[in-house]
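Chain A is fixed; fit chain B with the ligands onto it per the hints.
First to last, the sequence lines map onto chains A and B.
Take the first sequence: its position 212, counting from 1, is numbered 212 in the numbering used here, and each next residue is one higher.
Take the second sequence: its position 70, counting from 1, is numbered 70 in the numbering used here, and each next residue is one higher.
In short, the hints are calculated from the structure, not lab data.
Even glycine gets a Cβ: it sits at the ideal position worked out from N, Cα and C.
Facing chain A, according to a computed beta carbon distance under 10 Å, are these residues of chain B, among others: (1) K93; (2) M219; (3) C226.
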Amino acid sequence: MASLKVNFAGVEFQNPITTASGTFGSGMEYSEFVDLNKLGAVTTKGVADHPWPGNPTPRVAEVKGGMLNAIGLQNPGIDTFIERDLPFLQKFDTKVIVNVCGHSEDEYLNVVRRLAKDDVKDMVNLLEINISCPNVKEGGISFGTNPKGVEEITKAIKKEAVQPVVMKLSPNVTSITEIAKAAEAGGADGVSLINTITGMKIDIERQSFVLANKTGGMSGPGVHPVAVRMVYEVANAVSIPIIGMGGVETAEDAIEMMLAGATMVSVGTANFYNPYATTEVVDGLEAYLNRKNINDVKNIIGAVR
Amino acid sequence: MSKKVFEVASVVAQEQLQPGIFDLRLKTEAAQYAVPGQFLNLYPKNETKRLPRPISICGIDKENNELRLVYRVTKEGSGTQEFSSYQPGEEIKILGPLGNGFPLDEFAGKKVIVMGGGIGIPPMLGIASALKGNCVAVMGYRDKNAFLTEDFQQVGAQLILTSDDGSIGVRGNVIDGAKEHQLKADVIFACGPTPMLRGIKTYAKEENMECYISLEERMACGIGACLGCVCQSKDVDNHSKVHNKRVCKDGPVFLAEEVDL
Ligand SMILES: Cc1cc2nc3c(=O)[nH]c(=O)nc-3n(C[C@H](O)[C@H](O)[C@H](O)COP(=O)(O)OP(=O)(O)OC[C@H]3O[C@@H](n4cnc5c(N)ncnc54)[C@H](O)[C@@H]3O)c2cc1C
Ligand SMILES: Cc1cc2nc3c(=O)[nH]c(=O)nc-3n(C[C@H](O)[C@H](O)[C@H](O)COP(=O)(O)O)c2cc1C
Ligand code: FES
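Extracted from the complex, chain A is given alone in its bound form (with noise of 0.2 Å):
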């Protein structure tokens, strides 16, 4: 039996598969489905330091080889989170990686605290810094997009934070490793890619836009290529693990994230037309190791040079 166990910035988890933020919720809703003990972690829906109403609607679409989504990272704020979802999560023997997002500095910086406090610091296992989210006018890109803003967040968080820091990055830049690069010379312990590409489609009987927010955040296995290139360029240009994401919807894709140089693999978008993608994956990686005679999944990671 092949060992699935990976090591993330110092943390063990029992597999290397994790759920994509917001397509998950905090898990709740999936674990009528799911056996959440099987996943390596749980990623949490964005959170903020206050409630977020998000945008209007219609804030998803369909498209060919995936979705648009512009949910505008609606969340009910950290206080409810710690009091709802954190305590629901600790049921699992699963790992748990908090998604922060904010509008500011101030407001990153509120829930990092906020998470590095006795009574919760130990139910969070990492912290994934949103710092691409292409749906909100200020905070989210705006953080991730050019290499000094993405170095300065990062110092700021990783003085406050208790729990190692993952940037999670745009590929909607010109070029991801620089954001990657600058990442890691803020400190950073990982970095996670990619959050949506900016999209947008339009209604040519109402000739309008379908998304009330007009451009939205593909996803989905459209973009899986684009996710594999840029997770190969990241892992050849910085020395600190990344979790891979972007169309993953079967052990093969998340196979070919961690050969490319992933550490760990989310899956995100596949869950909304397969509910039960995530632990399908965490079946066939083992199933791949066993068929190839691979006694660890680690032999795999950045395994293609």
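Below, chain B with the ligands alone, put in the same frame as chain A:
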């Protein structure tokens, strides 16, 4: 909260009721858990169409493990067009039953009006049937191409028809129909296009009736996780902590007073 299944259902029968309107019967375990007013997510086989098509449950047959869905083909090349080509025995992925359903027990023995407009009519047949016909059903069609009218009569509901062009029943919409027949009741259950629901909400308020409406919104997960499908709530919602409720999970049926349309 009812149990949900994600499974491959099979087509038992499919029939065209009117041009573009199809009546689909599925064999599915979801029938065991379904209540009227809930919906199923159907997934097209076409891999460029990965998001679910939410379709209301029109009839529940627990004994035979069957659900009845009546839907409209929206356009050429759509997911619903794919469904309309399915023959008996065809497999189809489904998730459900989803959502909350109408609060029928709360109004047991009370006077009920069910109102449906266009493709909002099918779920109201499920309600009329669950009420064993003890209701007035006001159903609004575009023109004379009506569907399910015999079914409403069969379950014993008092049926009032309306049509936009006046070719059948009362000319106008369902509110015109209710006014014409001077209907009075304790509660209205309604499903249909948003402008119609807005009108019904106002009408119910004027007439001092309670009112529950079933809403539509674009969906991705269908189970309350992605926050794609929200509607505006009057008060801060207890789950979201903002003025948003999830149509797929907190709805699709809402107390009309609770939501801003
Ligand atoms: C709770 C609920 C119950 C519904 N019940 C019924 C019913 O009983 N009968 C019926 O005919 N229709 C019903 N609808 C509308 C039905 O879901 C859409 O007509 C259908 O999804 C369109 O799919 P398509 O493949 O034809 O169109 P496409 O244009 O190919 O769809 C593209 C995407 O947009 C979504 N979409 C398009 N129109 C709608 C819409 N009006 N509401 C939600 N999503 C939409 C589709 O689900 C798909 O993800 C219901 C919608 C909801 C939300
Ligand atoms: C509906 C939806 C909501 C999302 N919300 C968030 C979020 O809150 N924070 C975040 O960092 N990324 C968010 N994302 C991006 C995903 O985590 C992921 O990076 C992206 O979708 C690519 O992976 P996928 O193709 O497997 O979905 C969201 C994506 C979708 C589709
Ligand atoms: S469709 Fe995902 S929350 Fe309703």
